[in-house]
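Peer 1: What follows is the residue order along each chain.
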Amino acid sequence: MSRRCIIIGASHAAAQLTASLRQEDWQGGVLLIGDEPSLPYHRPPLSKAFLAGDKTLEELAIRPSAFYEKLDVSFCQGRVVEIDRVEHRVTLEDGSVFDYDKLALCMGARVRTLALPGADLGGVHYLRNIADVTGIQADLPQAKAAVIIGGGYIGLETAASLKKQGMDVVVLEMADRVLQRVTAPEVSEFYTRIHEEAGVDIHTNKLVSELAGSDKVRKVVCSDGTEYFADLVVVGVGVIPNTELAEQAGLKVDNGIWVDDGCVTDDRDIVAAGDCTNHFNSLFQRRMRLESVPNANEQAKCAAAAICGQHKPYQSLPWFWSDQYDLKLQIAGLSEGYDELVIRGDYQTERSFAAFYFKEGRLIAADCVNRPQEFMISKRIISGGLTIDPDRLMDESIPAKELL
Amino acid sequence: MANITFVEHDGTEHTVDIEEGKSLMQVAMDNGVPGIDADCGGECACGTCHVIVDDRWIKATGAVSEEEQQMLDMTPEKEVTSRLSCSVNLSSEMDGMVVRLPEFQM
Chain A
1 MSRRCIIIGA SHAAAQLTAS LRQEDWQGGV LLIGDEPSLP YHRPPLSKAF LAGDKTLEEL
61 AIRPSAFYEK LDVSFCQGRV VEIDRVEHRV TLEDGSVFDY DKLALCMGAR VRTLALPGAD
121 LGGVHYLRNI ADVTGIQADL PQAKAAVIIG GGYIGLETAA SLKKQGMDVV VLEMADRVLQ
181 RVTAPEVSEF YTRIHEEAGV DIHTNKLVSE LAGSDKVRKV VCSDGTEYFA DLVVVGVGVI
241 PNTELAEQAG LKVDNGIWVD DGCVTDDRDI VAAGDCTNHF NSLFQRRMRL ESVPNANEQA
301 KCAAAAICGQ HKPYQSLPWF WSDQYDLKLQ IAGLSEGYDE LVIRGDYQTE RSFAAFYFKE
361 GRLIAADCVN RPQEFMISKR IISGGLTIDP DRLMDESIPA KELL
Chain B
1 MANITFVEHD GTEHTVDIEE GKSLMQVAMD NGVPGIDADC GGECACGTCH VIVDDRWIKA
61 TGAVSEEEQQ MLDMTPEKEV TSRLSCSVNL SSEMDGMVVR LPEFQM
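Respectively, the protein sequence lines represent chains A and B.
Straight run, no breaks: the first sequence in my numbering ends on number 404.
Straight run, no breaks: the second sequence in my numbering ends on number 106.
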């Protein structure tokens, strides 16, 4: 009987995994199980071009259904409720069971929800899935004032997309600045200015305590007593990795499903890839869980190789991007733990600059706004372990191309 | 039907049908051509869909935007006829076009 690989989660990782499995010459069957009706689709545009109406549902698909048919990948919509590692079997919510030889966990993450009075009122939305965005879009024609809870990337991208559609937009952030978890104060200051220039109101140090309204939300109440009128609320306060299935199956889980450098879990017939995993990153010499499309793609390639009995070590530089208004932010590396910041360009008045993060004299990350060249150079420096003089990076008289 | 051919770095060829209006990157993805990563899904943000267009066809691929040029300038293995395939929109005039893939996407 032919061998079968089951992929749980119709995610970015899953889309890459199906393609890579066939490239690695996996001869057996492939069954993709997802709990949404769609085949894997691009999630980053959800808060950007798709929300703004510049991209259609069809354009979101990572690959068309014909691609999966050609590769003989079957798709089944359903929710897996149990993994039986002894019997090599998964059980779905509707009771159906499927046997596997190899299993790939590509379950991603889900939004952190608010446990507050009024959180289930109409007009309160999250943003992770197609259904979330179509829900927001259905409310848009009747809505005038949007409150975004959370000043992270999702919150700010959503603010920009809604502003573009003529809404009044307020962003409420719990910390003392937006993007506090991921960037330097200077970058937060830059994005605050950009949003304020676009007419978005940003309020920091705001802890939301209640959403009020009869059946539809009407206002957002903060712990300091301030209130903001809202007929649309979008909550972007982070995600939780989907690891419960793995945990129930007895796999090692600690802020993500633990995988080795080949993306294999502690069961050699089970691999995992994407936001739900925790890996040791050789460039940064520590374990981490990343919320990132490129990471999902790279891990999926390693996982596919592992399924086919090869060892393809994961050695990718984490990188991310965010689009807001006319600004393209490209982020190379991870800035956590930096001890020196160097800025190239004028972040206080211009719309283009790069912030370089150093730790112990080495470049560890760069936030590049409309600076693709600085981004590409940073990728090279960080992944190659090269050294660069911070003063050189600051010196705009040296063209970006000649920095290295 | 009009088609184009992708040539992997090791010489493996993939001939795929042209779908007008789609990008060169998207048809590579749709047909599972290895060697094009397209991490960002066509936002011109990642530089991982680099291709080198055969000289005879470079004109047909149209103008290079400032943004694409800046990304390309920093791409290793860049050649005179390099393009980011997400920024090349296909038309039937490209029938027979050949593009090579670099050894690595950055």
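Check the hints yourself; a few may be wrong.
Facing chain A, from chain B, some residues (calculated, C-beta under 7 Å) [claimed, not checked]:
#, residue
1, 30
2, 39
3, 45
4, 58
5, 72
Non-contacting residues of chain A with respect to chain B, defined by C-beta distances greater than 10 Å in every case (computed) [what the hints assert, rightly or not]:
#, residue
6, 45
7, 323
8, 325
If you're looking for bench data, these hints aren't it; they were derived computationally from the structure.
All of these numbers come straight from a predicted model, not from anything done at the bench.
Ideal Cβ placement from N, Cα and C applies to all residues, glycine included.
Peer 1: A separate judgement is required for each hint: does it hold in the structure or not?
Peer 2: Comparing the hints with the structure gives:
no.	hint	result
1	30	holds (5 Å)
2	39	holds (4 Å)
3	45	holds (4 Å)
4	58	violated (21 Å)
5	72	violated (9 Å)
6	45	violated (7 Å)
7	323	violated (7 Å)
8	325	holds (14 Å)
Of the numbered hints stated above, those contradicted by the structure are hints 4, 5, 6, 7, listed in ascending order.
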